[in-house]
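J.: Here is what each chain is made of, one letter per residue.
Protein chains: 6
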Amino acid sequence: MLIEKLETGIEGFEHISNGGLPKNRTTLIAGTAGSAKTVFAAQFLVEGIRQHGEAGVFVTFEELPDDIRRNMLGFGWSIQEWEQEQKWAFIDAAPRPSDDSIIAGDYDLGGLLARIENAVTHLKAKRVSLDSIGAILNRFQDLGIFRRELFRISSALKTMGVTAIMTAERTAEYGDIARYGVEEFVADNVIILRNVLEHEKRRRTVEILKFRGTSHQKGEFPFTIDPQQGIIVIPISAIELKQKSSDTR
Amino acid sequence: MLIEKLETGIEGFEHISNGGLPKNRTTLIAGTAGSAKTVFAAQFLVEGIRQHGEAGVFVTFEELPDDIRRNMLGFGWSIQEWEQEQKWAFIDAAPRPSDDSIIAGDYDLGGLLARIENAVTHLKAKRVSLDSIGAILNRFQDLGIFRRELFRISSALKTMGVTAIMTAERTAEYGDIARYGVEEFVADNVIILRNVLEHEKRRRTVEILKFRGTSHQKGEFPFTIDPQQGIIVIPISAIELKQKSSDTR
Amino acid sequence: MLIEKLETGIEGFEHISNGGLPKNRTTLIAGTAGSAKTVFAAQFLVEGIRQHGEAGVFVTFEELPDDIRRNMLGFGWSIQEWEQEQKWAFIDAAPRPSDDSIIAGDYDLGGLLARIENAVTHLKAKRVSLDSIGAILNRFQDLGIFRRELFRISSALKTMGVTAIMTAERTAEYGDIARYGVEEFVADNVIILRNVLEHEKRRRTVEILKFRGTSHQKGEFPFTIDPQQGIIVIPISAIELKQKSSDTR
Amino acid sequence: MLIEKLETGIEGFEHISNGGLPKNRTTLIAGTAGSAKTVFAAQFLVEGIRQHGEAGVFVTFEELPDDIRRNMLGFGWSIQEWEQEQKWAFIDAAPRPSDDSIIAGDYDLGGLLARIENAVTHLKAKRVSLDSIGAILNRFQDLGIFRRELFRISSALKTMGVTAIMTAERTAEYGDIARYGVEEFVADNVIILRNVLEHEKRRRTVEILKFRGTSHQKGEFPFTIDPQQGIIVIPISAIELKQKSSDTR
Amino acid sequence: MLIEKLETGIEGFEHISNGGLPKNRTTLIAGTAGSAKTVFAAQFLVEGIRQHGEAGVFVTFEELPDDIRRNMLGFGWSIQEWEQEQKWAFIDAAPRPSDDSIIAGDYDLGGLLARIENAVTHLKAKRVSLDSIGAILNRFQDLGIFRRELFRISSALKTMGVTAIMTAERTAEYGDIARYGVEEFVADNVIILRNVLEHEKRRRTVEILKFRGTSHQKGEFPFTIDPQQGIIVIPISAIELKQKSSDTR
Amino acid sequence: MLIEKLETGIEGFEHISNGGLPKNRTTLIAGTAGSAKTVFAAQFLVEGIRQHGEAGVFVTFEELPDDIRRNMLGFGWSIQEWEQEQKWAFIDAAPRPSDDSIIAGDYDLGGLLARIENAVTHLKAKRVSLDSIGAILNRFQDLGIFRRELFRISSALKTMGVTAIMTAERTAEYGDIARYGVEEFVADNVIILRNVLEHEKRRRTVEILKFRGTSHQKGEFPFTIDPQQGIIVIPISAIELKQKSSDTR
Ligand SMILES: Nc1ncnc2c1ncn2[C@@H]1O[C@H](COP(=O)(O)OP(=O)(O)OP(=O)(O)O)[C@@H](O)[C@H]1O
Ligand SMILES: Nc1ncnc2c1ncn2[C@@H]1O[C@H](COP(=O)(O)OP(=O)(O)OP(=O)(O)O)[C@@H](O)[C@H]1O
Ligand SMILES: Nc1ncnc2c1ncn2[C@@H]1O[C@H](COP(=O)(O)OP(=O)(O)OP(=O)(O)O)[C@@H](O)[C@H]1O
Ligand SMILES: Nc1ncnc2c1ncn2[C@@H]1O[C@H](COP(=O)(O)OP(=O)(O)OP(=O)(O)O)[C@@H](O)[C@H]1O
Ligand SMILES: Nc1ncnc2c1ncn2[C@@H]1O[C@H](COP(=O)(O)OP(=O)(O)OP(=O)(O)O)[C@@H](O)[C@H]1O
Ligand SMILES: Nc1ncnc2c1ncn2[C@@H]1O[C@H](COP(=O)(O)OP(=O)(O)OP(=O)(O)O)[C@@H](O)[C@H]1O
Ligand SMILES: [Mg+2]
Ligand SMILES: [Mg+2]
Ligand SMILES: [Mg+2]
Ligand SMILES: [Mg+2]
Ligand SMILES: [Mg+2]
Ligand SMILES: [Mg+2]
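Chains as they are written, first to last, in the working numbering: chain A, 1 to 249; chain B, 1 to 249; chain C, 1 to 249; chain D, 1 to 249; chain E, 1 to 249; chain F, 1 to 249.
These aren't lab readings, by the way, just hints derived from the structure by calculation.
Don't take each hint at face value.
Identical copies go unnamed one by one, so any copy, or any two together, can satisfy a pair.
Using 20 angstroms as the maximum straight-line C-alpha spacing, the simulated DMTMM-like pairs for lysine to aspartate or glutamate come out as follows [stated by the list, open to error]:
#1 K87 / E198
#2 K5 / D66
#3 K158 / E117
#4 K5 / E83
#5 K158 / E198
#6 K201 / E173
#7 K87 / E7
#8 K218 / E117
#9 K218 / E173
#10 K126 / D226
#11 K126 / E85
#12 K5 / D226
#13 K5 / E62
#14 K158 / D66
#15 K201 / D176
#16 K158 / E63
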């Protein structure tokens, strides 16, 4: 009954997470625009298919599946093939222009959860990515309701027996964890992707902020986005990095 | 009639608190996401059972009891056994999806207090943990009502003759003590758990901000979360730590 | 008709205040949670009784009298005895759970002032402490009304011929003086109690921000809370302290 | 028709203001609590009487005239005598507890202006001080109306042919000039009184921020409050002060 | 059809603006209280009359024309004479106490534009100054409407064939450009007047932030207000200034 | 199906963008007032015509086409000629004074998209610039609706088969990416134009914050606005620049 970890297959990540993502739970991935949230969410499914033969479901709340397919092709990931092999399924949960529920303010969360469960059952999926909740959040005007709905999503995913990633938007690198100041408390696990501007240069880091009930490495670790492989985490911390380089001299 | 202390059993904490938590009172534990609030709240009950044979009641406002059971198993704490031995009881005070009171905005606090008292009487419990009030707070829209309700909870716990912990959420390490800027004034005792990011590294500290009517050590003390033992407070301050290490050289 | 000072009897305070608190007036004592507002407010009455034989009235807006009695016993102050000797009287002005006026938003200030006057007359009290107005403030939603009510309290106390202390809550050590940004302007005298965190250590200081119509020492002075004596002000400023210590070398 | 200056008689002030306050106009004096706004406003009238034989009218919006009389007695200024000699008149414009207009939100500004004019005519007053507008401001909920009312006051004073001071409240030493961010634009002249806390010491400075249509010294100048004389401006800037002291060495 | 520049005649300004203000367009001049907005706006008309024989219209939204006449007399500018020579016309667009439109919230912008056009035609004016829009802004509660009205004013002025200055209020030297965060985007040209406090000294600078469609010098340039001449821009940047002075040594 | 790049023709930009703007997609260009958003948006079309013979459509939401024509003439770009050659078309989407929809709050986005499509088809345009959405944004009061509308625009442009630029307003150089904190998440690509004030000098930089699905250079690169050529990006980063210059010495 101990908390197991699911190997993500993302290079270097298993090391900093002491074995991967907490199995059967949802992990919140918070980051600013362009911080690689979608790449992480997709790569999580990609490596599941390639390394472990595990099918995955990708729920998109704004970007069109076709755009994601094309964006990920840059890394050589041919999602379309996997879709044909029933290893990957998209759920397009974006509001369409014709859709008026957005104005009424009531997003049909129950319907969405049913669609996810359906796909999960159909593909016998083990991994689910939801990207990004920012696009449906501002529909729930009351913070209490929002918090409960968020909890409801991760509870439902737990019941489905999948390991999930849910991305969330931040507007600054070192302020609030996520947009509404409650997401990080509801989530069992929180990872932060940063893209810090210092001296006119950008530097990407990943940090595991919390993993409820299990251990992990602390602090920020640098990562790069490799055109061939996607995210590669460098499993020594930035400070060790500096010390190393100064040692070598 | 002087204020006694209740030994928590958490390593190092008795030292910095001059003997433990003020007996028969409620202590607010404020911290950011992942700062170890839940670990502290659980360990308080665990050590009560293991070291002092005192039963405890754990009130959860969002996480499911089953998740807490599993999370704490990582430290080797088999809550389920204690539940069977009537040494531990969970009160699940989380709003359920089907529950509509959350929308109406009226949380039945009276009902909750009755359930707590019931469990306390039944187990002859000496310790109670409430984790975390953040999940029910935003229901009370008026700050005046919120403040009174908070006061009402700690008064009721005082009447029950238990020593209690109530966790509260913060969104930054060095800003307001708690979310609404009033919690720390209502509480008799306040402890802050920090998880500070400096130079891309995280560092955990615990500080007793106030203990009404009794003495305690001042300032921040480092602590670690040991995979076998849970929280271990290092009873010398960070500054002494630095001085020591520079002395050793 | 010049402004006289009332000796508080708090060690070191007479020195920094050039003789004590302005007689027959109300002094606002603002501080964060745990900054020793209540200790100051109580000790003001205690020393009045012990050193000058002057009776005092303690108005509490949230904490129960019984909790204050017990908290102060830690310093060896047996309030209960003084109550029996008619030297000390508590006025419990806290809203009780059953009390609905809090919801209606109309606190009966007139009634409270009458109760205070009654107690003052009965005990021939010379000193009054009100602790802390934070608990009743948020009832007055309009800042204009709040300001007038605050002014009304201190006018009424002036009429009663007592020297009073009124505590107010701050949420940060170096931002606004008090919660609503108007308290410090209404008050004739303002003292700030600080509990500053620097380099993970806490340091307590007291500063007289203003005394209308009379002189006082400027700047922050360190103080400690002695388990036997309560507040002890160290009547040289922190800067002189440093200079001294560097002189001694 | 050039803008003349009225000698205030405050030591050192004539120097930094190139001759005094712009005659026949209103000068806004903004400062935090205890920054000496009231002392300045009173001393302006005092020196008018003592040095120039000019009568003055003091309008108080919150403090009772009797408190001001007493507060100023500390400097040896016996206002009461001047009142008897018809050299000084108080206008008590504070809302009284029984006064309900405060709730209705409509302060009778027209009535106030008439009372001021009356007193000015009666005493043939040349100087008027209004202290402080903070106490009546929050009655005007609309910023547009507030701005117009402020303008209306200073227009009316201009018509009366007096030189006036109007004090305004600030909540921080180096943020917005005044509470609502518009006062400083409406006023013809703005002076800032500061009481800065640096390294736990307080330091008082006065700065002429603007004098429409006439010259003045720029930057902050230190001042002290002398128990015998009131405000004494040191007419060299703080920087020169430092240079001097380092030259002397 | 290229954008021409209109020589302002303000000493040094032609140099930093590469020839003057963009002809036939409106330039927004933003500055804090006392930053010399009104002096600039007036001097722009003054030099037009004196150096180029061009008539000007001065629209005032709060200060009375008579006050402006007097204020500018300090620089030896006898506006009244020019008014008689039909070289200068005031449009007093300030809301009068008796005027109720301010409460209704609907300022008659169309009427104002008609009055300006009338005066422009009558005087064959080439220059118009509007000082300052801050006084009428808060009447338009909706930001969208405000933005459109602002655009409408500058469009109308363009149609009249004049080169115009419109002053706007800022509350801090280095924060938002103007009060509402949209003014600087609507305007074709933006100039910032600063009056920076550093080390207790004030320093005035002027910066051309943008000139749509034409070149200008970048960065801040120091200026002084000369009692005889008004604004004098020092056409080397502050940094060069420092370098020079350190070269000279 | 990989993401291609469209050469902009802007000097130096192809280098930092690894080949130009992502083809067939919309890129958000965010910048403060005067940061060169309009110059960039126009130059994108200009170089398309001059270097690649590709027609372009310029949608303006506030500035009049005639003003843009004139502003760009400064760089020697004779838009009018291109308009006659059917290489350039303006769509004037600015609200006119007579237009009341702005008050009603419902901007006819569908109508606008139809007009754009019309022009695109007519000119066989490959490039579209929308400048700037700030002028119509505040019409949509609900952030959810705003976000969907933004998404709808870029979806529609994708369908038209054009590569587009959409400019957005920022009020500070290093705070939120764009005004409402959601624009940067909706957009596929984000570029930031900065105009930073340091030591009283301005310095322009361009940064590609994100390009979904494709690579680009990271960090800020300096650029200048050349009176003859418009924007010229200097394709080495500012830091390399400094290192170079210090190497040369
Ligand atoms: N094929 C690629 N090769 C190299 N880098 C790439 C590639 N694809 C994407 N990137 C990098 O990844 C970034 C985008 O990452 P991603 O879309 O995952 O960010 P995000 O956090 O999801 O952003 P948003 O909030 O906008 O959805 C790009 O800006 C680019 O720097
Ligand atoms: N078995 C374990 N071994 C080591 N570390 C653990 C273990 N379990 C938990 N932790 C650490 O404790 C952290 C979680 O602590 P906890 O859940 O008490 O935080 P919290 O303050 O309650 O957070 P939240 O606000 O999310 O409820 C984890 O992020 C992890 O770093
Ligand atoms: N008997 C005692 N011995 C030593 N220190 C004590 C004793 N009693 C109280 N203290 C110290 O005084 C602090 C509490 O002071 P006090 O209750 O006056 O603060 P406060 O400003 O009134 O706080 P609050 O806003 O919570 O009411 C305690 O946190 C403790 O550090
Ligand atoms: N007789 C005196 N001798 C010495 N200093 C005095 C004397 N009277 C007042 N002061 C000083 O002046 C300060 C009060 O100044 P004053 O009342 O003018 O301030 P203020 O700006 O009007 O404050 P508020 O906003 O509270 O009205 C006191 O705090 C004290 O430091
Ligand atoms: N005759 C003069 N001689 C010297 N300096 C003067 C003269 N007239 C004005 N000044 C200077 O100009 C400043 C006022 O400038 P001005 O009135 O143009 O400012 P402003 O930006 O319009 O302010 P506001 O926002 O209050 O209208 C004065 O504070 C003073 O320092
Ligand atoms: N012909 C030119 N020669 C040199 N520089 C020019 C020329 N035209 C414009 N500029 C520069 O470009 C700046 C304006 O750029 P642009 O209008 O593109 O800014 P923007 O970001 O669109 O601003 P806004 O938000 O006000 O629309 C001018 O302030 C000027 O510095
Ligand atoms: Mg994404
Ligand atoms: Mg927890
Ligand atoms: Mg207290
Ligand atoms: Mg005062
Ligand atoms: Mg002005
Ligand atoms: Mg533009």
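J.: Run every hint past the structure and note whether it holds.
T.: Status of each hint after checking the structure:
no. : hint        : in the structure
1   : K87 / E198  : neither (41 angstroms within a copy, 42 angstroms between copies)
2   : K5 / D66    : between (31 angstroms within a copy, 18 angstroms between copies)
3   : K158 / E117 : within (11 angstroms within a copy, 32 angstroms between copies)
4   : K5 / E83    : neither (26 angstroms within a copy, 27 angstroms between copies)
5   : K158 / E198 : neither (39 angstroms within a copy, 34 angstroms between copies)
6   : K201 / E173 : both (14 angstroms within a copy, 15 angstroms between copies)
7   : K87 / E7    : within (17 angstroms within a copy, 37 angstroms between copies)
8   : K218 / E117 : neither (34 angstroms within a copy, 39 angstroms between copies)
9   : K218 / E173 : both (17 angstroms within a copy, 16 angstroms between copies)
10  : K126 / D226 : neither (26 angstroms within a copy, 31 angstroms between copies)
11  : K126 / E85  : within (15 angstroms within a copy, 37 angstroms between copies)
12  : K5 / D226   : between (25 angstroms within a copy, 18 angstroms between copies)
13  : K5 / E62    : neither (29 angstroms within a copy, 23 angstroms between copies)
14  : K158 / D66  : between (28 angstroms within a copy, 12 angstroms between copies)
15  : K201 / D176 : between (22 angstroms within a copy, 18 angstroms between copies)
16  : K158 / E63  : between (25 angstroms within a copy, 12 angstroms between copies)
In summary, the structure is inconsistent with hints 1, 4, 5, 8, 10, 13 from the numbered list given earlier, while agreeing with the others.
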